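J.: The lines below spell out each chain.
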Amino acid sequence: MIPSVRNIRILLLPGLCLTLSGCLHSPLATRTAAFSSAATATVTQTTNVYQLVNQAHYDAQLAALANDYDPKTFKPSEIMPFLPEKDLAVRTQVLNGLKEYATMLAEVSGDQPVTDLETQVKASGDALVKLQQDDFAKLKITPKEQNLAVTAITTLGNVLIEHDRARALPGILDKMDKPIQDICAILQSDIGTADKPGLANLLHLEYDNQIAEEQRFIDKSGASLSADQRRTEIQTLVKLVTAQQQADKTLAATSKSLAALAAAHAALTATKTQKDAPAFKVVLAELVQDAQTINGFYQTSSK
Amino acid sequence: MPPTDPAAPDPKQPSLDALNALLVSSTAAYNDTDNTPAARDAAWKTRKATSSQIETLDLAVFTGNTAQLQAAEDAMKPGIDQLKDLQAKISALGEGFKEAATVLTDIDKVVAAVSALF
Numbered sequence: 001m002i003p004s005v006r007n008i009r010i011l012l013l014p015g016l017c018l019t020l021s022g023c024l025h026s027p028l029a030t031r032t033a034a035f036s037s038a039a040t041a042t043v044t045q046t047t048n049v050y051q052l053v054n055q056a057h058y059d060a061q062l063a064a065l066a067n068d069y070d071p072k073t074f075k076p077s078e079i080m081p082f083l084p085e086k087d088l089a090v091r092t093q094v095l096n097g098l099k100e101y102a103t104m105l106a107e108v109s110g111d112q113p114v115t116d117l118e119t120q121v122k123a124s125g126d127a128l129v130k131l132q133q134d135d136f137a138k139l140k141i142t143p144k145e146q147n148l149a150v151t152a153i154t155t156l157g158n159v160l161i162e163h164d165r166a167r168a169l170p171g172i173l174d175k176m177d178k179p180i181q182d183i184c185a186i187l188q189s190d191i192g193t194a195d196k197p198g199l200a201n202l203l204h205l206e207y208d209n210q211i212a213e214e215q216r217f218i219d220k221s222g223a224s225l226s227a228d229q230r231r232t233e234i235q236t237l238v239k240l241v242t243a244q245q246q247a248d249k250t251l252a253a254t255s256k257s258l259a260a261l262a263a264a265h266a267a268l269t270a271t272k273t274q275k276d277a278p279a280f281k282v283v284l285a286e287l288v289q290d291a292q293t294i295n296g297f298y299q300t301s302s303k
Numbered sequence: 001m002p003p004t005d006p007a008a009p010d011p012k013q014p015s016l017d018a019l020n021a022l023l024v025s026s027t028a029a030y031n032d033t034d035n036t037p038a039a040r041d042a043a044w045k046t047r048k049a050t051s052s053q054i055e056t057l058d059l060a061v062f063t064g065n066t067a068q069l070q071a072a073e074d075a076m077k078p079g080i081d082q083l084k085d086l087q088a089k090i091s092a093l094g095e096g097f098k099e100a101a102t103v104l105t106d107i108d109k110v111v112a113a114v115s116a117l118f
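Quick mapping for you: the protein sequence lines, in order, are chains A and B.
Count the first sequence with my numbering and you get residues 1 to 303, in order.
Count the second sequence with my numbering and you get residues 1 to 118, in order.
Chain A extracted, bound-state conformation (with noise of 0.2 Å):
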């Protein structure tokens, strides 16, 4: 039996794919995932920042009401988020857009476009091989059949994609690394450190409130609480004192991941076009230890 065209062309796609499977996925595309998730971190540990200061502000105005209440002076007006809502939404508009590019880039730089091709070149290919009725007779295809396109066709379809994306995202990189740059410094100083001007001054003010209208409520009832509830108050005393220093340690911590993250997308961009990036390897690596220290800050002052 002569083999038709269409089997030869089945015969010759699995040497194809072998020959083409050595250019799928760069190095460039799985740097730049390992960037986005870490990146994601770092914005998330941010805007949880913001959500910090405000609470303490809170709590401390609810601290100095429960000293010095009086219904003459009590204005329910000046309860409000300390910080302004229009700046905070500058914020939260600024951390989008980097989530949005870290999500983008690893949407784009990751598996899934070519996880979402083979899905629908399979589900065609399933279609194909149910065909019952004999009009269609010539685009039936056997099992096998379609094993082996849709294995060709996600190939060529991973080269095409990996040759757009080896074209596109150097030029990307390069665009969005002096934004992102100047972001990271405005953010770290909005954040400025627990003894220079900035969230971290305040956040370590709003405990020292919290403290100190604790000592006050403390030194006014004094006498009229009973040995349990004097312990009950001296114990909330000393946790707001392990909070500040919680608090410190995170705000520190969200400064220096601001920073490694500046530094992780300046070695992204700067090793886009090489094969192995040692550099990027160990900022990424820092960026990433540093996302995990904030993590665990969060969770010990959630406890």
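Read the hints as simulated data drawn from the structure, not as lab findings.
Check each hint, because a few of them may be wrong.
Sample of chain B residues facing chain A (criterion: CB under 8 Å; computed from the structure) [as the list claims (entries may be wrong)]:
hint	residue
1	Thr27
2	Asn65
3	Gln68
4	Met76
As the structure is a computational prediction, the values presented were derived from the model and not from experiment.
The beta carbon of each residue, even a glycine, is placed where N, CA and C say it ideally should be.
Keeping the supplied structure of chain A fixed, place chain B upon it in accordance with the hints.
T.: Leaving out everything else, chain B in the frame of chain A:
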């Protein structure tokens, strides 16, 4: 406007240092039970006013950075748009192959597309 360098000295630092020192001394004066009630009350009021001043100073850093942040966010848009285009292009590729798979003879179309790359 260039973004703030986190390592650069902040002109607000001397005021913050002075206010922090006042916060510590007024807190200590309030907590000193040897002081008269009037002295402790005065110390508490000083502490409250100082705390409020520090809050204002810290908040000024945050609000002062907003315009720069907005500008940096705007600068991200062209890169994000380019990434969206790439994402759409890759997605469209999947759709194209879905068609190719429905008619096996169309495999030529795929081979031709790949051949054009080399």
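J.: All the hints need checking, so say for each whether the structure fits it.
T.: Right, here's what the structure says about each hint:
no. : hint  : in the structure
1   : Thr27 : holds (6 Å)
2   : Asn65 : holds (5 Å)
3   : Gln68 : holds (5 Å)
4   : Met76 : holds (4 Å)
The structure meets every hint from the earlier list without exception.
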